[in-house]
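Enquirer: Sequence:
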Amino acid sequence: TTIMFYWIYLTCANLMFNLYCVQATTQKAMIPGPHMEDIDHQVSDCIEVTSSVGTFSFTSNGGSETCALYFIAEPEKIISISILAMNVNCNDGGAVVLMDGWELNGSFLPTESDHPKHLEDRYVEICGKYYRPKSFLLSSQNAAQFMYKLTQKGNYFKILVKHIQNKYPCNVIMQDIHSVTTLRNHKRAQNCSLIALFPARIKFHEIHVGGKLWMLTKKTLVWGTVTDCRDKGSVNYVEVKGSSSFNTDNSKLKETICGFNYFPAKHDYSILCDVTTVRLVSSLNANNAVTVQADLLDVENLDLNDNILMCDQGEPEM
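Heads up, the sequence shown is in this note's numbering, so the first residue is 191 and it goes up one at a time.
What the hints contain is simulated information worked out from the structure, not anything from laboratory work.
Cβ atoms here follow ideal geometry from the backbone N, Cα and C, with glycine treated the same way.
Only true hints are included.
Below 30 Å or equal to it, Euclidean Cα-Cα: the simulated DSSO-like pairs (lysine-lysine) are: (1) K267 with K357; (2) K324 with K307; (3) K348 with K307; (4) K267 with K352; (5) K352 with K319; (6) K422 with K393; (7) K348 with K319; (8) K324 with K357; (9) K393 with K267; (10) K267 with K307; (11) K343 with K319; (12) K357 with K377; (13) K319 with K307; (14) K442 with K267; (15) K442 with K422; (16) K267 with K324; (17) K393 with K377; (18) K442 with K307; (19) K442 with K377.
What follows is a list of derived Cβ distance ranges for each label pair: (20) N281 with L492: 51 to 61 Å; (21) D230 with L494: 46 to 56 Å; (22) D230 with I354: 14 to 24 Å; (23) S234 with E315: 22 to 32 Å; (24) M500 with L328: 32 to 42 Å; (25) D228 with D502: 45 to 55 Å; (26) Q342 with I237: 17 to 27 Å; (27) V370 with C280: 40 to 50 Å; (28) S473 with Y346: 45 to 55 Å.
Produce the complete structure using the sequences and hints provided.
Expert: Below is the structure:
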């Protein structure tokens, strides 16, 4: 059995936004408190998106359905998932999978190109019996996933989920429909992305990508912020893009920005796509940072004279 066996097929008309709506509806009641880790959550829905911590328990009535818990935390947190106990029959296709990030229809968040680990190192697939606490997964960002297929009646699992402070946050999946987030590369050659699972209006508050002075060609020095940086040869820049699926590697690119600006930038973008991504691309030893505001795009903040990117709307890829 491979990870692809655990693709989750949702049948909602607008795949990304409906998944996010489940999350946004329950978000306010799920902010972890001092004793939240003592709470036991009985899993009732096949697909759940939650920011809760504590234990999660499920006992199967039998069946062939593949289900998933999508866990999300605050941007500066990572998620640990420990299996406290489980009994999953290995002989009839039963298994659980712990995933560093989110998977949907064979696409992954963060994408393979942006994640610090190879794909085969991002998930653990297990079955059998465990009665002693054992830690299996520590996510690299504020999102993790627990997929399960319990085919035999009476099979069960009990897991413990915690949120842990992340000293070097990079990739962030938004957990609210309004957010101001700072992306940093921490002087590493890595790509860091802010991902919103809805159409969004993007506004930059601060850009410091590459330094105050940019030499985009051998004869040109630029002060402030400029666009089309990638095409001009820069190796440090910010991408604004959108896609109709989790596969953000195939996103439509609206703009690349680089340079230095401490004041709210003039660059605003309306991304009419299921998934909106702001991606900081950085080279080794660069000290890049960008502060970006992302808001759910609606008729009140949609400016038809603004920079607009539209994605093709069709049926979700199955």
